[in-house]
Every structure is written in C-alpha cells, then in structure tokens.
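Use these hints to put chain B onto chain A, whose structure you have.
What follows is each chain in one-letter form.
Protein chains: 2
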Amino acid sequence: MALPTFSSPQRKLILAGVSLLATFIVGLLIGRFAIPPQENGADLNGVPRAIIQEADDTVHEKLASRIRAENIRENLRQLTSKPHLAGTPADYIQAKELADLWMQQGFDDVTITPYEVLMSYPDPAKPNVVRVRGQNDEILYESPLTEAILTPRENVPGVVPPFNAYSANGTVTGDLVYVNYGRDEDFKYVTEDVNINVTGKIAIVRYGKIFRGDKAKAAQKYGAIGLIIYSDPADYAKGANSSDVYPHSWWLPPTGAQRGTLFVTEGDHETPGYPSIDTAYRVPESQINLPAIPVHPISYGEAENIMKYMSGSAVTPDWTGGMDIVYRYGPGFSNQTLKHVEMRISTRNQRNVTYNTIGIITGAVEPDRYVILGNHRDAWVFGAMDPSSGTAAMMEAARVMAEMVSSGEWRPRRSLVFCSWGAEEYGDLGSFEWVEEYMKNLGARTVAYLNVDIAVSGNYSLSVGATPLLNRAVYEAAKRVVGPRGEESLYNEWLKAAPHVVSGQLSQPRIDPPGSGSDHDPFLLKAGITVANFGYKSESPYPLYHSVYETFYAMEQFYDPDFKIHASVTSFWVELARSLSDSLVLPYNVSDYGVLLEQSRLHLDNEYGPILRVNVANYSALESYIQDFKRVAADFINSLGAVDRNNPLAVRAINDQMMQLERTFMDPAGLPGRAYHKHVVLAPNMYNAYAASSFPGLVDLLGQLDASRDHDSQWKPIKKNFSILLFIIHSATSSLKDFSHFVFK
Amino acid sequence: MALPTFSSPQRKLILAGVSLLATFIVGLLIGRFAIPPQENGADLNGVPRAIIQEADDTVHEKLASRIRAENIRENLRQLTSKPHLAGTPADYIQAKELADLWMQQGFDDVTITPYEVLMSYPDPAKPNVVRVRGQNDEILYESPLTEAILTPRENVPGVVPPFNAYSANGTVTGDLVYVNYGRDEDFKYVTEDVNINVTGKIAIVRYGKIFRGDKAKAAQKYGAIGLIIYSDPADYAKGANSSDVYPHSWWLPPTGAQRGTLFVTEGDHETPGYPSIDTAYRVPESQINLPAIPVHPISYGEAENIMKYMSGSAVTPDWTGGMDIVYRYGPGFSNQTLKHVEMRISTRNQRNVTYNTIGIITGAVEPDRYVILGNHRDAWVFGAMDPSSGTAAMMEAARVMAEMVSSGEWRPRRSLVFCSWGAEEYGDLGSFEWVEEYMKNLGARTVAYLNVDIAVSGNYSLSVGATPLLNRAVYEAAKRVVGPRGEESLYNEWLKAAPHVVSGQLSQPRIDPPGSGSDHDPFLLKAGITVANFGYKSESPYPLYHSVYETFYAMEQFYDPDFKIHASVTSFWVELARSLSDSLVLPYNVSDYGVLLEQSRLHLDNEYGPILRVNVANYSALESYIQDFKRVAADFINSLGAVDRNNPLAVRAINDQMMQLERTFMDPAGLPGRAYHKHVVLAPNMYNAYAASSFPGLVDLLGQLDASRDHDSQWKPIKKNFSILLFIIHSATSSLKDFSHFVFK
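Sequences listed follow chains A and B, in order. Residue numbers 1 to 745, in my numbering, belong to the letters of the first sequence in order. Residue numbers 1 to 745, in my numbering, belong to the letters of the second sequence in order.
Rather than coming from a laboratory, the hints here were simulated on the basis of the structure. Take these hints with a grain of salt, some might be off.
In this list, chains with the same sequence are indistinguishable; a pair is considered to hold if it fits within one copy or across any two.
DMTMM-like cross-link-like pairs, simulated, lysine to aspartate or glutamate; straight-line CA separation at most 20 Å [to be verified]:
#, residue 1, residue 2
1, K479, D57
2, K716, E270
3, K720, E623
4, K537, D562
5, K720, E116
6, K719, E285
7, K737, D109
8, K126, E116
9, K719, D278
10, K221, E185
11, K716, E285
12, K716, D278
13, K720, D278
14, K630, E185
15, K720, E285
16, K719, E270
17, K716, E70
18, K720, E270
19, K221, E270
20, K126, E142
21, K719, E116
22, K126, E138
For clarity, every value in this text was computed on a predicted model and none was experimentally measured.
Chain A extracted, bound-state conformation:
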C-alpha cells in the first residue's frame, strides 16, 4: 500500500502536531527522570529523603568554627564564683540556670530530675578537728577548721571544710601509727614486719595509689579506731619549696586538704539497684556497709605538726614522703608531754535532694537513638577543674549544637542528650539513679555515652578511656580537631604525648579501658552502654584536687591561660558526638573488641597461665573463642560494604547489631561478690576503683587464691567464672553472626 500524501496545510498541521507531541514527550521524560522528584528536603513520594542520607560533612567545620575559648572562660568564671556542693541550694540553682539557658538556646526538651539520696556533711556547729592532747588532756595542737585563704577567689562564704563523706562520727583518742598509703599490704607490713598492732590505734596514711575508701576499709580491717589521711608533698608538691606552691604554682600548699567520699556502691546507698523515686524502699542506714570509724583528711602542714613528734623506728625509704621530718612508724609520740591524738568528727549522713539537668536535641531521623554527653555539676568547693572545666566545655558544646539547630542549619540524625549530673562526688548518685530509672529505654536505644568529668587538669595530653567499639571514632574525631598548641591536629599532639604500639600495628595514641570513678560507671557497668571518658591531663594527678584551691585563678594562671585546651577538648567532644549522631552507618569498629580480648587473654596467661592450664579443663578454649570472635568480627566488617545504604531498615539493623554488641558483654548476674558490676570484660579492678581490669571477675578470684585453704572450694568458683567468661565471648560472637546469619542474606 502506497503511503498517503498530504497537502501543505495538512503537512503543517501534522508537523505542528508531531512537534507538540515530541515536545510533550521530551517534557514528560525530563519531568520524570531528569528532575529529582524532591528538592529542599521535600518528600520522595512521601518517604523522607533524610532517612537514607549520609552525614553532611560540612557540619563539622560549621560547628568547630563556632566554638569560642572566650565563652568557655566566661562559663568557668561564672561556675566557679561560688561553691556548689551537691545537696546545697547551689545544686538546684545551677541546675535551674542551665535548664533555662538550654531552653533559651533552642533545646527541644529540658527536664530537671530530682533525686533524694543519702549524702554526708560535716556539722557546722561542731567542726571536725584533729588534736594532740597532753598528759593532762590539755590541747597541745588543734588542726585548723578551714583551709587558709590564699587568694581572694577562696574568700567566699559557703566553703565546706575538708572532710571525708560517709565517715563515721564520734570522738576517738589513741596512739598514732603511720601506714604509708594505707593499702592492705601496708597494714600487713606494719603489723607483721614492724610488729605494731594497729588495733585500738589511730592510723595516719598518705593519699595516693588507691581509692581513699579502700584505705578506710583496710584501717578498719586491721582494727584501727580512726584514720587520718593527709596529702604528702612527695605526691602533691613534688620537690616544690614553700614559695613555689599555690598561689605561685599548681602545687598543693601546706594548708590544702583533699575532700572526698569514702564509700561508693551502686548509686544512692539507700536504694541499691533501684532509682530513688518518691516511693522507693530505702535500706535502713544500719544495714549499709558504711565506714565504721572516723576518717578525716588533713594537709601536709598539719600532718608535719603531728608526725614530727612520732616515736618508733624510722620507716623504710619507700615509706618516706616529702616532709622535712624523720618518718617513723609510731606507735605514739616520743615526747612524753604529748599523750595521744584525738579525732573529733561530726560528719553525718543526710538525705538531701540533688538535681540532674537533662537537655534534648531531638534527632531528625532516628529520635529514638541517643548520643549522650554527660558531665557532673557538683563540686566539693569551686571545682575549677573537677568538674567545672567539664561543665564549661559542655555548655559551649551545647550552645554551638543548639544554635545550629535553632538557626535551621542542621539537626542531628539521632537525638543528642546533654546530662548535667548532681552528686557525682558522693558516688555518681545523680547519674546512677537516672540510669536506674530509665535503664530499659537507655539500654535499647543508646548509641554512646560520652563523659567529661574534668575537661582540663593539666596541659600534657589528651587522655581517653573508651570501650573498644569507639576507638576508631575517637581517633577520627581527634584527627579533625585542632590541638591546644594550635599547630597540628589534636590527634598528632596526643600521639606524641601518649603513643601506644599495638602488637604488629602502627603506633596510635593510647586509649585505656574506661575504668570507673565517674558518671560513665552506671552506663557501662550496669547498662552495658558504650562509653568514652576523656579530658586533658598532666602526666600525674593534679595536686589541687578536691581542695579549696581548685579555683578559676589556678586554671587561668597555671593550666590554660587562653582556654585553648578547653576549646580543643570541646571541639573533640562535639565532633565525636556529631559523628555518632549523624553518621548513616554508626562509626563503631567491632574488631577492636577482639584486640582488647586478646590483650586481656595475654595478660591473664602471663600471670596465671600455668595454674589455669593445670586446674581448668577448658582453659585452651579461651584462645579459640577469642579467635572465633575476631574472625566473625572481621567478616562482619567485610560485609558492611554490602549493606544497601538505600534501605534505611537494613542500615538500622546493622547499627542495632553493633550497638547491642556492648550489651552482650554483660552478665546479668554480675561479677562474683559484686552483682552491680555486670561488664565481664571492662569492670574495674575490685580493689582499686580507678584501675581497669581484664576479665575482672576471674582475676579477682585468682587473686584471692590461698594455698592454705581447700583447693576445691577455691577452684570451683574459678571454673564457673571461667566458663561464664567463655559463654560471654561466645554470646558476643553469636550476636555478630546471629543464629540465622540473616542480616547480610
């Protein structure tokens, strides 16, 4: 059939029609395929695009550029203008000021959570003193009731005199015995080797090496009727002469004493295991294992005044401290006019309310996943280092993040929760009660808890404790942040100050296990939440710790004059929180747990391998279980690349799987003899709350082995604990592969 022919007008019409059709189709195709179906955050057929978006990398710079050292300085100046001891009016006032500030800065929600908890205070009407009495009971020496005022900063009402919280009260008199650092081994030495029976005597020991509460326990165990703890210049004013101490340097002056709690358990001592809500059951005080003897802290100025008269033989060189006296064991005084020492202690336990301020920036995409930033607010006195340097940093971190949100420039994918804790100094009371109250939700939803207690107490190096899951994120954040010296990254400065060679791998800055002793404890040890705890430190503990001299003056004069260290720590904290809250795939590294497990095993094997091999049938399984974990973790990481990042539920599934890995290291039954410590790998050393242990339950039991006792009864719990450790590693391994291996199917 011939093609039809058309007249010119027809042709024109057809041409016009075809043109129109073609144009229509081109338009249609462009409309369908070339124009992204959404712009400016509009929806993708109703599905919000944000759910599959990778983090916006420019946010880091925007946040970092807003952080101002001057703001942090001003925050610290304000925070340290008055004492702010837990349970005093200042506790609520600062909590309220912070809450108001955060609301004003655009937080989505701010709550003040009060908890009524057992604290401890000296009686103002009956000050604590240490006296030396003469033969006629006359007072030959009496310790000053307060620390001397050395700068105008300390001249403020409301300074609590030096005391040890939860000390027993009462008056005791007796001969003095010097017992070095007051460790169990020190008491043992003085008893067995020096042949001094401590029973009925007052022990005087120096601060350091172990938790002060453990000094009290040891003193009690060896029968002492009272304990005096002083800060020796060898530890707190190393080699400094008297003109070289505070206010002329950061060394502790002879008038400074260290306050501090003697008793730490599971948050509020009256409500172990449960939150101190209004209807809580409170254990009667008599049933709490509080210290039974009076304990009191004094300065080295006071200690010298008393100890220089002591009798007995001179101590061994390693017991000798830095005072200009001959250190003697005692007991008692060589000078017959001095009869004995009297401690009059009126410190009493008191139930008071402490306050947490909780501020929330709701996540844009996963509001039910939390990245928590925490710092305690309460201080023994001014707390310029502990904890107000951290509070000053948190306030700046909160400000820059909230302002980015308020201005509409950014909202984190996951929720940011800022926690300002009360009563940390009394044993993490505010944080423990809060974690206990919300543990179920926190355990199901928390990505990480990032704690800064003391942001700056030195100018040597960043110091980080973290669970291995966070190692990588910590390093990445440190690389993106400028170090305090302003010349290179915080990572590089940190690496130079604290390098750590992991066997067979490149040197990295050293990250320690988180240990215990601050508000990360309930998160890690009770709820199994991944934590980091960090601050900028000196090479050794800072001398003014818990004295009245922890002032803004000291911080500005000796530690961080331009607040660049504070700004660097704040930037690091902000960037770590940002990466955890914004990353589509959480920046955890599951393999680093394998490294820690293997290191722990090697430590264990070095110390106890021979006897474990003989006594525990499955000992060799530890190595193979850890190998399994490492293999499965490596497989998991390899498979991460195959996850469909366009599938928000697939991404959520692997994030949840990694997040829950930390929980798998928990034994709900707790460690032997301390059910409130449930982390089988990262719980602290039982006899030193500050020290992190590896396989703590097992190491505790092995450390208690006693050749004089029945072999079987000692090895049974070890065998049981060892099998639990194996199961926990197995459980962690199977949580990464699961019984169905379904996630990557």
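Structure of chain B alone, referenced to chain A:
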C-alpha cells in the same frame, strides 16, 4: 512604554513557540507529578518500596486455603508411630527428619542445636516396682512393670515404663498413709487433725490440683520416705465403668499411669542461668535440690489393689476418690498378713543430648525482627496429644508458609522462626538452654513467641494464655479463622464456650495470663518476651495425659476424627504469626496491660487491702501509678494514628517501643526467693507452677505472713517488694512516654 507589535508570521512563530512551551510544561508537570516514579515493586530512587508497604491482606486467605486437615492427620500418624522420649535416639532422628523436611520446603536456614542436659530414666535392667510384702517378707503383690497393651498402637518397642523423672533411687519399705492430693494442706491435715505422723512412712497421693513436684516436696517436708502418686478415677475416669474407658473412650483405663518430671527450675538443672554449651560449668549433682525420696506413679488399678487393705479410719468425703473401696488414711494395713509396702526405684539421672530444630524464613524487610513459633517434640511415649498434635500442626503451618515463600507468592516482612524443642518434659530444657544461649539477641529482636504444646486434647474450646499486648491480635486472628465446627469463626465458637466479661466492656472470649509449664516459660519469665500459648481443650485436663495410651488411635477415635480441630488451631497459629510478621505497625494493644494491672490490683486489694493500708506507707500509690500507666497508654494509642507511615524509621521506632514494653515488666534481680523468675506481673504462682499470679513476688510474701513471727522482719521485704512493683509500673509507663516524649514530636 508601548507594547511591541508583531507581524502575522511572527505571531504564528510566537504562537507555535508558546504552544510548544505550554505543551512541554504540561508534559513536564505530568511527568513530574502524575506518573508514579515507580511501578511493579521497582525502587523508589533506590529505596525499596516494601519498607513502607502495609501487609497484603490477601495473604491470609492464600495461607488458610492451603492448610489441609489430612496433612496434619498424616503428620500425627508418623510422629506417633514410635516412642520419642528426649535423649533417646528418636530425639535426634525426629529432629533431623524435621530439619531435612524444612530445608526441602524452602526454609532459608535450618539448624539443629544440641544441648547436653541432665535427664532421668528408669534402669531397664532393674525395673521400678511397688510391692506389698507379707509378714515373712514374701511378695504378696507387685505392680506390673509396664502398662497393659490395649490396642495394637501401643505394641511397639521402646516404651519407657511409668516413672517420675528425677526421683531419688533406692528401696524403701514402710507403712502406707493416704494423703489425698498431696498438697501441703493435705499433709498438714493428716498430721494435725488425723494425728498420723508421716515421718518414716510411704505416702500415697492422687494426681491433680498441683504440680507433682510440689507433692514430692510436701511429702519430703513431712518426713515421708517414699511417695506413690496414682491417678484416681474420680479425676481421670469420671463415673466411667470399666467398659467405658480407653480403648472405648478417652477415659484413663485402670492400667494407665501418668509419667512426669518432679523437678523444674531454670532449664538444665546443672547449668542454671547459663546455656549448656560444651564449655559450661556444671553444678555438682549433690548441690542441686533434687527430690531426696523415691517417687513413683501407678495406675488406679494398682492403687486399688494396695489401698483396699489399708487400715485406719475412713477419710472425709472430699478425700474420697472414685475407686470402689473405702478410702482410709492408714497408717499401714488392717490385714495382719500384709506387712508393709516396698518401693524399689532405680530411676537415675543421666546427662544426655537433646536436640532443637530451628528453621528460619528470613523476613523480606525486617529480617532482624522475629516472630517465633514453638512446640516441643519430645514425648513420654507416643505423645499423640502432648506434644505431637502440636508438632503435626506446626509442620503444616511451616509447610504452607514455606511454600508460599518458595513459590515467590509471599515473603513475610519480619523473620519467622520455627522452633521444635527437645526435652520439654524434663523442664523446658531445650527451649531454656536456647533462650539462655541467644537471650541478648532474642530480647532485642523478638516480637512474639507463639507456643503450642498440645494442639488438641479436647473438643470443647480454644484455650489461650497470652500477655495482654497480644489480646487484640489473638482476637483478630480468631475472627478470621473458621472454627472446628465449620459453621462460624473460631472466635465465635470460642466466645460461646469461654465468654469473659471485662468490667464495663463487651463480652470477649477469655484469655488467661500465660502461666508457666511449657516452652514459653524462658521467653516470658527470663527474657521478657511477649508470648501466647494455646491449644484446643476439654473443660478439664485430659485423662490419658502422659500415659502410654496417648495414641493416634485415641486422637482419631475420640477427639478429632476429621482433624478439623487441628486444622482450625493451625490456621489460627498461622494467621496470628502472619499478622505479627506482616503488619506495618505491630498489632499490639498497649492498653490491655492497663486492664490486667488494674484487675491484679483489685485482686490484691480484695485479699490484702486492709493490712497493706496499715503497713505500707505508699499503698495508695499503686492505684495512681496504674492510672498513670492507663492514661499514658491511651495517649500512646491515640498518637499512633499520627505516625507517618511513609517514614519506615518512625514506624520502626513505635514498633520497637511497643515491643520493649514487655521487657519493662522485668526485674533483673528476679522475684524474692526465685531469681530466675523476673516478670514482676506475669510470673506464675510460687506454689503452683500451673497457676498464673498477679504481682507474684508480693503475693508470695504476703502469703507467707506468720503472726507468730517478728512483724518488722516480715514487713520489710514486703515494703521493699511493693516499692519495686511501683517502680516497675513506673518504668513501663515511662517507656511509653519516654523522658523526651520524642517519638511523636
């Protein structure tokens, strides 16, 4: 300025241009907005559409129409052709056959998980007997070693003779005392009112009312040296004459005895709290609180032969059973030629391997959310009701679901996990060990565990135990399923048989708390997972229970000739699992927990209100805490409608929040005196494993109040437990609103 004018050709050009532009724009707009950017399940810019899809409602019909009563009949015939006791070769053989079948049917993953656990068997070389000895120790009567063969079905090798698992072994002789149901109150009555000292005697009691293990405990407590448990015709052959029992009816014949365990704790008795993996620590048997006396079950034929000679006064009417004898208390025999009773029991504990078969159909969208269907496989003998009716149903449920998946017609949104448990009869051993091994993952991921132990043991009514979260889903599934009579829905048949009026609300079929006694126990009581447990039952327990006569013959003849009950239960199970695995928003109803809490409070108040008001300061807070829960739950439900169903992460968040609600009712420390029961609302009654309790820890303590003991020491634990109950309700409430109320923000 004047408008420009155009010549005609110009005008035409402009007209053409405008037309083209307009057409282009129209095309563009249609392309952009009117054409859906995807079709046929293709991706939405890479995002899989399935993640926001509501469940396909036609799947229900497709699944239901595939279920065949004939298949279930054939399954049951096969399963019951041989004995399949836990720990015997049949345990593994059936586990393996099931695994092979499921792989063949297209499951994504099938695993057999072996656990070596402590079980108990009679010694074949030394059969258990009960004898009556004469004055010269001659044997006057000896119980038969096996149950009589009454149909060809029972004539199969490998039938284990009647025994009670975990009985002590040994031979005891003594006078017989009849103690009714062997409850504590029965022993008390016979001791105090009838004045018979049970110490040193053999107690004979009838089955019923309480867990047999508690009869053994009571007998032991009152000093009995042995215990015989028989099935009285009043309970197991009600009014039936001898021609009217099995094989002529479902009543227990005089030759039938009930096997069963005496000891149930926390799964494997040697590894409490931890899974029995290879490296597990096993508690020495001597440290397990196993029964200390021989215990043996006999038939009423045997009991009559012994009890008819008993001396002593005739029992009260409510102690009289259905045998044609005068029931007497004893002790001993009236006929002097009969000296005493001898029990020779050789039952011994033995560590054997049992096997679970775990089959997985991986979820299409949320593979890391599990809907678990479980049934045990092991039977005392043939187990036609217990559990093989359930196994036959599960096999059909698995077949229809797997085939729909294999054929590509359907894949559930969430994963389906089919669990065939070993060694349930020994105390949920297979399920407990598995839950212990994978608890962390299961707790984070499981939507519901749906247990069918005995699918059919009667033709009266569906019987359902469930946690309140599932009530609504249970009712909806029952409405969609045809009842066994084929005339109306299962829901309607159930409603007529078992109506329940909830105060002020319309009548609904009755749903009980899940209680304990089958494989849902570890899920609910240990892991806090939402469970349902169901089957079709008679109005009272079925008489052939745990006897050799639980045969395919009995099922076909007397219970379910056309297997329509089986098919209806299977359809219900499948639909409940489908709705839980497929629904975009999980079909939980959080408000029903408020109803249960309020009912429990009213029970508590009725029984103990007066003394609680006097002794517990916060007693009135219970009511207000429950009111808070109800209000917050109602708010939660109201807010569900506002959830953006186009946002898969918003949907996941509220699903997670509802799923975790069940976990909030757990106290990790466990209930007083039984740390392995952690569900503060739904743990069973302490003294009757079958009975569900309300606020069980509290009710236990109140039930133990003893006026003769110190008031304070009894009320302190009650006060503490009460405050924990309040906190748990508070915790559940706050989990639904959360401290940030963020989910609906």
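*Classify it for me, K720 with E285: is the Cα-Cα distance of at most 20 Å met within a copy, between copies, both or neither?*
between (34 Å within a copy, 15 Å between copies)
*asked:* One pair to classify: K716 and E70, alpha carbons no more than 20 Å apart. Within, between, both, or neither?
replied: neither (60 Å within a copy, 55 Å between copies)
_As a check of your reading, is K719 near E270 (CA-CA no more than 20 Å) within one copy, between copies, both or neither?_
between (34 Å within a copy, 14 Å between copies)
*Under a CA distance limit of 20 Å, which applies to K720 and E116: within one copy, between copies, both, or neither?*
Classified as between; 17 Å across copies, 39 Å inside a copy.
_When Cα atoms must be at most 20 Å apart, do K221 and E185 count as within-copy, between-copy, both, or neither?_
Cα proximity of K221 and E185: one copy only (12 Å, versus 49 Å across).
*For K719 vs E116, is the C-alpha pair at or below 20 Å within one copy, between two copies, both, or neither?*
Only across copies: K719 and E116 sit 18 Å apart there, 41 Å inside one copy, limit 20 Å.
_Up to 20 Å CA-CA - E116 versus K126, copy category_ = neither (25 Å within a copy, 66 Å between copies)
_When Cα atoms must be at most 20 Å apart, do K537 and D562 count as within-copy, between-copy, both, or neither?_
within (16 Å within a copy, 80 Å between copies)
_Identical-chain pair category, K720 with E623, by Cα at 20 Å_ = Classified as within: same-chain Cα gap 17 Å, cross-chain 44 Å, threshold 20 Å.
_Treating 20 Å as the Cα threshold, decide for K221 and E270: within, between, both or neither._
Classified as neither; 23 Å inside a copy, 37 Å across copies.
*asked:* Cα distance capped at 20 Å. Does K479 pair with D57 within a copy, between copies, both, or neither?
replied: within (14 Å within a copy, 53 Å between copies)
_At most 20 Å between alpha carbons: which applies to K126 and E138, within, between, both or neither?_
The answer is within: 19 Å in one copy meets 20 Å, while 88 Å across copies does not.
In summary, the structure is inconsistent with hints 8, 14, 17 and 19 from the numbered list given earlier, while agreeing with the others.
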